[in-house]
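Using the sequences provided together with the hints, build the complete structure.
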Amino acid sequence: MLNTNLRDTAIRILKETPRTLGRDVVNVLARYNRITGSSGLLEAVSELKNILENAGLPARVHVVENNSRKGFIETPAGWDPVSAEVMIKIGGKIVERLDLAEHPTLLSAHSPGGEGCGRLTVCEKECSGEAVLTSLNPYDAYKVIDARLILHYDKNRFHEAVPYTGLFLQEQEVKHGKVVMNIPYRLATELMSRLLVKPDLEIEVCWKAEVRYHSKGLPILVSCGDEPSALVVSHVCHPKPGAHDNASGSAANYLAAFARNIIGDARLRSLCHVWVPEYTGSVFLEEILGGLPEYVINLDMVGSKQSATGSVLSVVNPPLFMPSEASAALYISAKSVLDTVESFEGVAQPSVRYDVTPYSAGSDHDVFIAWGVDSGMLNEWPSRFYHTDMDSPDTISPSQVANIATITLLSAIILGDKGLKDKATAVYRAYLKSWYQTKSLIYGRELTLPEYRKIEKPALKLASPISTRFIYKKLGREAFYKVRGLKGAYTYLTVYAPLSEVYGISDHLSKFISEEFIEWSREEIEVVSKIWEGLKTYLR
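Numbering (our numbering), first residue to last: 51 to 590.
Derived from the structure by calculation, the hints contain no laboratory data.
Heads up, some of the hints might be wrong.
Claimed, not checked - Below, in silico cross-link-like pairs of lysine to aspartate or glutamate (EDC-like), each with a Cα-Cα straight-line distance of 16 Å or less:
1. Lys580 with Asp557
2. Lys193 with Glu152
3. Lys532 with Asp467
4. Lys524 with Asp130
As the list claims (entries may be wrong) - Each pair of labels, with its calculated beta carbon distance range:
5. Ser484 with Arg572: 27 to 37 Å
6. Ser490 with Phe394: 42 to 52 Å
7. Ile140 with Lys266: 34 to 44 Å
All C-beta atoms in this analysis are idealised placements derived from N, C-alpha and C, irrespective of residue type, glycine included.
Following this line, the structure appears as structure tokens:
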């Protein structure tokens, strides 16, 4: 049995958490093109299952069907990219050539195959042409642009890298011969600049893409202890290399399982580890596990070399009307593990950048929060090479992956010990109150933290978070782009607002604005309110 000195406990756990093993798992996963619905994801999960079993850990794989639905979440068709290439020519001279082997994110996930050559047209809203260059959302562009090739660019991704995008089509949406590819923002601006200077310039684009559609399903890997009450979840999907997002979280989850097996602490027996395709796997976990856990720890984008990624590690809280013991345990554990640098007077200080943050949607913790489960997330943001082909293993720190695994296990120990849990929750609650008071002073905003109280779970729960794809299909393009363009709107509309309704929280828009330090204009508030009124009808 480990003692209850948290720093000593952290040190003992860390000794059983080999850094090289975390590095090896990151490298293994980064070899696979792990796009949701792909054979590469199935192969990566199969290899991770073997790694678990070789370490003496239980492991089983469940498969979710393609083209299925749970709540507001749809699973896509099975899809494998075989080969792809795009060449851009000016005056018969090749100025750029990109292929799938060198740039695994070249094809938008689930893009149909096809080939051809055509003159490049730049598109800002609605247009047509043989080959169209656009920054429109790829799914929207696929739906509305009449073209054989759509070249997508994204100014919000690392400008030298090929961005990762996904259509995530269901079988009935596939239009064979209509290809969607991604190119670096640097290349897109170069092409647009040339056309701006010389509008009649002919830029020829030739492309070829071979893909295979199938129905192999989506894998979910489960490694559970006895009667699991706490769950550690990591999404294992995303294209090659996908190191920070999210081979890192998957490796940290494995390391936690590995160390737990060695430590043998009774408080860790009920811990369960799962690896899922993001959202599309986690929404099926209640059926797979035979019930819901009491706590969830989500590991998504962790353990990076912060000097390379520019990241800050965050403990992400659930909405404030759901007081969280999981987030309390995560923050206290993070301080116990990460505060290892001494000040001049010998006081322990943070060794990496980390903090707490208000609730933010966008990962698998959303699913469990929508179900009313106490869930916290460890996440690093921003990430310099996020969703690009440059998200490589050399941006990951093996020692930090081991630290994340240690934080995870220490959190589970706290949650499994009522005395420790109550003390950690009280301390964290006081810290969170101070954190909000400090932010309020800085930003000139008033916020009174609600009194700590457990809200009774309602008889009914949300089937899932609301997806932006659902918003697009039901409320249209205009609402979809407003949600994407307004910071905080996604979190509010997809989880916070629907969950507030289920819990009977009144005036939840103003509470959200205050809680998240949102700065929306009156017009923007009206836009969000109108979209929410449209979405509410689908909750009944």
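Of all the hints numbered above, which does this structure not satisfy? Sort the numbers upward. 2, 3, 4, 6
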